[in-house]
Every structure is written in C-alpha cells, then in structure tokens.
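These protein sequence lines map, in sequence, to chains A and B.
When the letters of the first sequence are read in order and numbered with this note's numbering, they come out as residues 1 to 415.
When the letters of the second sequence are read in order and numbered with this note's numbering, they come out as residues 416 to 918.
Take the hints with a grain of salt, since some may be wrong.
[To be verified] With a Cα cut of at most 25 Å, we get these calculated SDA-like pairs of lysine to any residue:
1. B:Lys615 x B:Pro588
2. A:Lys395 x B:Ala465
3. B:Lys865 x A:Ser121
Keep in mind that the hints were calculated from the coordinates and are not lab data.
Predicted, not measured: the structure shown is a model, and the values here were computed from it.
The primary structure of each chain is shown beneath.
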Amino acid sequence: MFNKKMSLLAISVSAGLLAACNSDSEEKEVVIIEPVEITAEQVKSNYVAMAYAAYSDSLTTAKALQTAVDAFIASPMEENLAAAKAAYKEARIPYQQSEIMRWDTSITLESNLDQNGGPTSVDEWEGQVNAWPLDENHIDSIIAGEEVINQELLLAQNGANDNEANVTTGVHAIEYMLWGADTHGTEAGAGERPAIDFNVDGCLDTLCQRRLDYLKTATDLLVDDLTAMQAEWSEQAATTAGTLAYNFLQSENSLDYIIGSIHAMATDELAGARMNSGLTLGDPEEEHDCFSDLSHVAIYYNYQGVKNAFYGSYGTIDGAGIGDLIKQADETTYTDLHVAFESIEQHMKAILDAGERDENPVKFDQIIGQASTDTERQIAETAVEELIELDQKIKAAVQVLSLNPIDTSGGGDGD
Amino acid sequence: MKQLFIITAILFLSGCGGSSSNNEPNPDPTPQPEPEMTNEHLSGGDTSVADSSADAFSSRSNNMTDTSRIATFELGDDFFQNPWVAGSASTSSRDGLGGLFNNNACQDCHIRDGRGHAPNEGSTDFNSILFRAARTQISHAQQAQMLNSSLANVPDSAVGGQLQQAAVAGVLPEVELSVTYEERVVTFADGYQVSLRDPKWHFINLHEAQGHYFDEDTLFSARVAPPMIGLGLLALIAETDILAKQDINDSNGDGISGKANYVWSINNQDVALGRFGWKAGQPSLLEQSAGAFLNDMGLTSRLHQNESCLSHQTDCQQTPNGNGDSVNDYDYEVSDTVLDAIALYSHHLSVPQRQNAYDDDVKRGKALFITLGCQQCHTESYTTEYSAEHPELSAQKIFPYTDMLLHDMGEDLADFTRANTPGSNENLYEFLATATEWRTPPLWGLGKTKTVDPDATFLHDGRARTIMEAVLWHGGEAETSKQKVLALNASEREDLLAFLNDL
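All chains should be built: construct the whole structure from the sequences, respecting the hints.
Rendered as structure tokens:
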C-alpha cells in the first residue's frame, strides 16, 4: 500500500544555485535527494495493511484447502487426500506470518472488541484456530462417540474439562485428520492415515462418515474464523470503532506492541517453544506440526512474520516499518538488528530447504533426533542462539525509541 | 514584581506540601532538591526488571545474558505455561497428568506468574486454590517425627495430604468444593470501616459412597497459589541471616516469636531449612516444583517416582502413566531436563522495579510501616549469598520484606476442621509449623498484584480482596501492630497504602 521508495526520497530540484567551481556564474540545476522522515503513523497504517494482507492470504489459502477437502470428501481417494495435504501446506505460509499479530494486549482486550460483533479476544480466537499441544485422544473420542458432529459440538468440546490440550478445532485438528498420528519418532516419515479412513463404502470400521463430518466441520470453521479476523483489519475496519485495526491505530502503545510481538515471537515462541523445546528434549512430539512434519515450513514463515513487522514488508507491500523508525533514531541499533535478522534468515532458510529438498530431505523431527554434530542440528541450534541474542538488540531498540514493555498476555500465556 | 513574587510563593508552597501523584503537572518553577535515589527501587537488585504491565512478573532476571541459560529459562517457561495432558497422548514429554489433580498447567494457578485467588461466594472457580489435609490426633511417635523433620504430617485417610477436585477421564475426583463468606466489619478509631469476609469452606467428599470418610480430627489448610517472583533471591538469603531473627520463645519480650521450619529434603536426604510454600515446607525450588508436580498435577519425577494415588483409589492407580517420552526411557513423567528447566525458571522470574520509592507519601508510608512494627516480621532487606549455580542472583542487595520465619497469626487465620472451626497452636501441621503459623510472605510486587491479575486476592486463603483487608486480618503475634493500624487516621492510611502499593 505504501510505497517505501517514495517515502524515503523526495527529490527536490533547486534552480538558481551557483556552482562554486564554475567561473561562468551560470545558474545550475542541482538535484537534492532528501530523506523524508518516516513517522509512527506511517508505520502503524502500514502494519494494518500488512495484517489485512496476511489474513486475506490466509483466508484465500484456507478456502483453497476447503475446496480440496470438499473434493476429497466427495471422492475419498488417495490422490484427493494428497491434494488436500498440499493445500494445507500452502495455507501454512500466510497464516504463520499472520501469527505476529496473535497476541492480546491492552490494545485488544479492554477495547470493546465485540462492538462490531467480531472476535473479542485475539488469544481466544487463536486458541480456536491454531492451538497446541493437541491431545488427539480427545478428537478420537468425539469421533467414536454418538453426538452429531457439527460446529456447535466442536466448539463446545474445545478445551473440554478445563484442559487446553483438548483441542478440537483449527489448523492442527485438521492436520490430525489429514495425516493421523506420526509414529516414526525421529526417523523420516509423517502421519500416514490412509484415505480409506474416510471411505464410507470401504470403511474398515464404522467411523468413516464421522471422520468425514469432522474434517469438513473443522475446515469450514477455519474458513469462518479467518473471515472474521480478516474483517478486523480491512480499510473499513480501520475507521470502525471496535475493530482490531481501529484500536491499533488509535492506541498510543502500538509501537510498543509491534516490538513486543517481535520479541515474543522471536524469543519465546520460535527460539523457545517451537524450536528449542524439541531440540533440548530430543522429543519429536515437541515439534508443533508433528502430524504432518511441516514444522520446517511453519517456523520459517513465523520468522518471516518477525521480519515483516520489522521491515514493514509483506508480499507486494513494502512500506514503513518499525525498523525505519529505529534507523532514524539510531543507525547502529538498526544495523545490529538488520545484520542479526539476515544471519538468522540464512539459518531458517537452510532448515526450510533441508525439509523441502527431494534428495534425502530432513524434517524438523529428524533434526530433533540428530546428534549435536550433524549439519542440520547445528544450523538449528545456531538459529536458536541467534534468536535469543536478538533479545538484547530488541531491548536496545526499545531504548532508542523510548518505548515501554507492553503485556502480550492472553489466556494462560504469560508471554 | 510584587505580583510575580506572590505567584512564586504560592507555587513554592504547593510544591513542598508533598504532592503524591506523579501525574500532576508541577507548576513550581523553583528547583527542588532531587530526592535521594538509592537502590531501594530495585527490589530485586540487578535482576529487577522495569515493567509495570500485566506481564510485570513474567520476565527473566534482567542481568541474565548467557544464551544457553536463557534457552533453559524459555524451556521452563514453555512447560510452566502449557497444559499437561493425560497419559499416552502423542505429546509424550507433556503427558501423564493425574489420575487426580488440581489444575493441568502451572500458570493456570500461578496466573501470569503471579498469585491465584479465592472464589467468590457461589463461584466454582477453585482453579487457583487448593486444600491440604492433615490429622491432629496423632501418636507421640508421629509428633516426634514431625518435630525432628522426618515427617511432614499424618495425612487424612480418605484423601491423603491434599484434596484434588479434578481428575482425568474415568477417575472420580475426591471432592466438590464451594465457599460462603461471613461478613465482619472492622472499625478504625476515627470511624472508618472496612468490611472483611471470613470464608467458610464446604467440602463434599465424593468418595464417601465407597466408605471413605474424612477423619474426624483432620484439619484442612487453604492455599492459594503464591506469586513466582524473586524466588531465586529468597533461596539465596543466608541461613544465618534468617536464623538471626528467630526467637521462638520471645526471649526479648517484643511479642514476636519467629520460628524456622526445619523440613525434610528429599533431594539431600537430610534435614534442611524450609523456605518455600505458605508454611515454609519446602527447602528448595527444585523440591517445591517436584512436590507441586506430584500433588497438584499427578506428575511423577525423579524426586517422586510414585503417583500420589492412595491405595484405595484404584481408578487413579490404573490411569495410564506418561512415563518416558517418545525417545527416552525413564520411569517417571517429568523428565530431568524439564524438571531442571522449571527449577531454573522458578529461580529467575524477576521482581519488577518500584516506581515511586522516593516520593514523599511513599516514604511517609514506609516510616509508618516501621513505627507500626510491621518490619519486625516483614524484614526489609538482605544481601544474597554468592551462588556459582546462579551468578545473576549472587551478592544482590534485595528488598523482599520478609524474615522467612513462621509466625502465629491468630485463630482467625488458622487451619480449620470440616465444620470450619479453627485449629490451634497446639496442632502441628507441616513439620514444625502449627495450624496457626504461617511463614511471612514477601511483599515485593504487592502493588502490581492486581495489574497482573485483577482477580488476585491476598493471604494464604485469598480471603482478603484488598491490601488493607489483608492488614486487618493480622492477629496473633501481629495483633499489637494491627491495633496500632486501627488508630491511623485517613491521611496516615493513605500514606501506608501508598507505600504498600508501591512495593
């Protein structure tokens, strides 16, 4: 939306300047390039634009997943299951980037978010869309049960018995339905649920129809949830009281929120929960996309979300980012962060490539099982280290911009 | 000129009246002397974090820079926050919850690393409070064992040492809980009134149908989850400093008789000074954490390898365990790596800085705190010992406001029978601690308690909705000080609360 190149440069042409070394005293035209100051307002409105774009892309890919799921349900053959899995993978790319917006703060929680009928809490919404860990026994017990499988049931059963691991909805529930449990540990191989689990005609037990119902219900709910969240960040939302976009733009703490989100995603989530937990414990079940073994994709795009917030760019958007403000305030602090981001990018890209290559791919649960001297393991551990070290540089940025810590709490998460 | 002088004079007068709020613009152009800043606002020394948001209790020690230690802290944080699941789930590092439990995630009781709360009347929110159970009609031999720190107490026959109101699928919880409150109005000398609520706890024993009744002589002890900040610093207060204030028989006649609780250290297989928990029943954070895993969540670890199910709770015993994980074989549910990460995490949740320590009203409040006698138990300051294991916490000047000793707080706050009648100081409850004794809790972070969680309540059972209510419940050894509080006038009350709210 906001063209960064235009914002940084203003070309002014000044006529009538004398050239010092020209004895002719002729008038010369001099082109002066002046950097235009980036303002907090520009950063904020660009952030809103990026949020809208990320959620829009998440919705588009979720709808493509829905189409593929519907095709599979109509004809539950292996090829259609493979197509649905491919669509699931595509949907991870924008959604994981949108996770940089997943925290509740005072901006979201106390602000009449339900005024417009939309979600009242980002953390609660996120709990419905991407909750982890997921105890698949709970989903299995619903499928094995008698109650009609519909949205009401899934929502009622989400977090049943006050246990947040009883996750029934969202991305990982769909992932479980498409792949099934991964029994390969740290060896190659993801979940291998056969298409026949869904084939009513050739059903090996009595549950195929219920599995179809569950998959369809969860997918449709995901599309509904993303539709609701997209609406919170649109251009119209930006001027409508009671939306996330509006609250974000009105708040004095938005920059604090952006920095807080960068810290939370880079250190607590990526370095901590999403990468290092598995690496330290050696337990492949600690990878978040454990059924599909797509964590290498998920974490790469989580990291892109961190960079998007910093640089102000996402997809075709290339506008003002908080990095620009940091650079204006103190070039050294900016450079420290920029260099760090580039270094981490190299490692995260290497992990992504290792998981995607055709020849002997190495997925994240395999990295978890590697020895500390193995190639991908070393890359992952270095990435974790550098993500943790990012924290000190982020603190420096907080100082140069005179920001304050903002709570990124929500639900049971303190961070 | 004359007009200017008058204006200046008026502004100057209002300036030295001691305006209490930082938010009021100060129109006084006359330069005031800077209040003397010491390090008092750094309640946790160099570990203190500058944060007054709802996350104020959730940062690591501010002086921790080693990346591998930070990684361990983050690992502990991950396992502290996230839910544990019933045995045999595919997230095998996090499974084995129950059979019986109180809550399934540490942070669901220690809300945002702060304290929990008591439910209001009619509420079923017992999610951040639990109840211990201990018998009082015990043999001389058992009593001697408690006094020589080899036995914590004699548990109740029906429910053991702790009530669990939740269970995994297929297991019957031990109790259903509810509470009612009796109002009690306290009147200050100047007529100002505060309403207190005295809890009456109601237990339905769900196992009575199977013939398992509470023992007649059991006393119950209500325990709200305490805040998690500054614990590593408390662990490094020198034992000699703590024992120096012990005065069990009140030899100096000041009415205060602090007592150290000597407890059994499972880790060291020896007697040790108790520091943590409402009655200082645990000697270290490692052991406190392992005890909480076992009793509050039904999770075994290297320190407690047997489930807490009682022998007659066969459904509990038969629940699938979560031993080991998908790559490692170990005969308990919380791996060593996770337990140790939780222990490190628990050492390093930092205390937030105070914001107004040098303001006049806060300083007046502190002076009152001292003349009222509060600091006799709420000791202001120490310098921590050196620790090779925790260099960040070493040699720090800290301001926790606790002497870490047990004190008799009076009958009103005592552990209670099923009929809600109080136990007495004759009843041993937890090693050397009696039914009326409580360890002085630290006061740092007090003022941010409700920022972190608006629902938080004070005292061991969460009965006090405000700091003033908590003060007014003080009895026993604190009765004299409490009586002096009742003599405070309105501006003194304001100053005292300004101080307490700044901690």
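For each hint, the structure was consulted:
no., hint, in the structure
1, B:Lys615 x B:Pro588, "holds (21 Å)"
2, A:Lys395 x B:Ala465, "holds (11 Å)"
3, B:Lys865 x A:Ser121, "holds (20 Å)"
In this structure, every one of the numbered hints holds.
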